[in-house]
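S.K.: Please model the entire structure based on the sequences and the hints provided.
As a plain string of letters, each chain reads:
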Amino acid sequence: EAGVVQSPRYKIIEKKQPVAFWCNPISGHNTLYWYLQNLGQGPELLIRYENEEAVDDSQLPKDRFSAERLKGVDSTLKIQPAELGDSAVYLCASSPTGLAGSSYNEQFFGPGTRLTVL
Amino acid sequence: AQSVTQLGSHVSVSEGALVLLRCNYSSSVPPYLFWYVQYPNQGLQLLLKYTSAATLVKGINGFEAEFKKSETSFHLTKPSAHMSDAAEYFCAVSAPFSGGYNKLIFGAGTRLAVHP
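Heads up: the sequence lines are chains V and G, in that order.
Residue numbers for the first sequence follow this note's numbering, so the first one is 1098 and each next one is one higher.
Residue numbers for the second sequence follow this note's numbering, so the first one is -18 and each next one is one higher.
These aren't lab readings, by the way, just hints derived from the structure by calculation.
Yeah, the Cβ is synthetic: ideal placement off N, Cα and C, and Gly gets one too.
Accuracy of the hints is not assured; some may be wrong.
[Claimed, not checked] Pairs of lysine to aspartate or glutamate, EDC-like flavour, derived with a Cα cap of 16 angstroms: (1) LYS84(G) <-> GLU1141(V); (2) LYS30(G) <-> GLU1111(V); (3) LYS1168(V) <-> ASP1183(V); (4) LYS1113(V) <-> ASP1183(V); (5) LYS84(G) <-> GLU1111(V); (6) LYS84(G) <-> ASP1160(V); (7) LYS1175(V) <-> GLU1111(V); (8) LYS84(G) <-> GLU1147(V); (9) LYS1113(V) <-> ASP1160(V); (10) LYS1159(V) <-> ASP1183(V); (11) LYS84(G) <-> GLU1203(V); (12) LYS1168(V) <-> GLU1147(V); (13) LYS1112(V) <-> ASP1183(V).
[What the hints assert, rightly or not] Derived, one-sided and incomplete: chain V residues facing chain G with beta-carbon distance under 8 angstroms: (14) GLY1137; (15) ALA1151; (16) ASP1153.
M.R.: Shown next, in the form of structure tokens:
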């Protein structure tokens, strides 16, 4: 079974340019997560989707970041315009959906997209 | 709110030696606790998890961790290190009423080096 697929794996852009990352979760996983991982740090949740609905986007910087999951399958995370501080790895993860808030569903992570902003 | 502190950003051991990676957590409610491993240029992989059952948890690749409520710790151990264990290890916590058990709060990570 294929894991979480992310593309591109690497992206180099100049500041103020837009950039987009794509994620295809494991088939049948209704929950999708986007994480930001700065160098030398653990991942931090940006947004979580249950099907098409963004159920937790409290950590997403909405002035420049946006995300969508139109058909409840794959998802796109966009930054516009990018800043130097956005250089990081952007991880996507997915999990099956269980009882919300009362049980744990293992998250499966993709390899990430490493963004470098010059 | 939950938080995780991993003591030691870098740990170096000899092949065959004991591996001990330290994790302390803070949570106002009984937490779930996790250890993930990240190999270079790869995503995170779940090593093991504590979900309020047995306090000694066994995971993949010979790793185990013990939940100690009195010490608020969840240290990761492996009796004998192998070269292939060299990677970044992340401890994470989640809890209900703070986004649910699926909202993971990660520590900063510990990079494990294994030398011959």
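S.K.: Each hint: holds or not?
M.R.: Quick rundown of the hints versus the structure:
Using a Cα cut-off of 16 angstroms, the hinted pair LYS84(G) and GLU1141(V) holds, with the two alpha carbons roughly 10 angstroms apart. At most 16 angstroms may separate the alpha-carbon atoms for a hinted pair to count; LYS30(G) and GLU1111(V) exceed this at roughly 40 angstroms. The straight-line distance between the Cα atoms of LYS1168(V) and ASP1183(V) is roughly 27 angstroms, outside the 16 angstroms bound, and the hint therefore fails. Restraint check for LYS1113(V) and ASP1183(V): the C-alpha separation of about 11 angstroms stays at or below 16 angstroms, so the hint holds.
With a C-alpha separation of about 33 angstroms, the suggested pair LYS84(G) and GLU1111(V) falls outside the 16 angstroms cut-off, and the hint is violated. Using a Cα cut-off of 16 angstroms, the hinted pair LYS84(G) and ASP1160(V) is violated, with the two alpha carbons roughly 23 angstroms apart. Taking the CA atoms of LYS1175(V) and GLU1111(V), the gap is about 15 angstroms. The hint holds against a cut of 16 angstroms. For the suggested pair LYS84(G) and GLU1147(V), the alpha carbons sit about 13 angstroms apart, so the restraint of at most 16 angstroms is met.
With a C-alpha separation of about 13 angstroms, the suggested pairing of LYS1113(V) with ASP1160(V) holds against the 16 angstroms cut-off. In summary, the hint linking LYS1159(V) to ASP1183(V) is supported, as the alpha carbons are separated by about 13 angstroms, within the 16 angstroms threshold. Distance restraint check for LYS84(G) and GLU1203(V): the Cα-Cα separation of roughly 11 angstroms lies within the 16 angstroms cut-off, and the hinted pair is therefore satisfied. The hinted pair formed by LYS1168(V) and GLU1147(V) meets the criterion: a straight-line CA distance of about 11 angstroms does not exceed 16 angstroms.
A threshold of 16 angstroms between alpha carbons decides the hint, and for LYS1112(V) with ASP1183(V) the separation of about 9 angstroms falls inside it, so the pair holds. Taking 8 angstroms as the C-beta contact cut-off toward chain G, the hint placing GLY1137(V) at the interface holds, the least distance being around 7 angstroms. A least Cβ separation of about 13 angstroms between ALA1151(V) and chain G goes past the 8 angstroms threshold, and the interface hint is therefore violated. For ASP1153(V), the interface hint holds, the least distance from its beta-carbon to any beta-carbon of chain G being 6 angstroms, beneath 8 angstroms.
Hint compliance for this structure: hints 2, 3, 5, 6, 15 are broken, all remaining hints hold.
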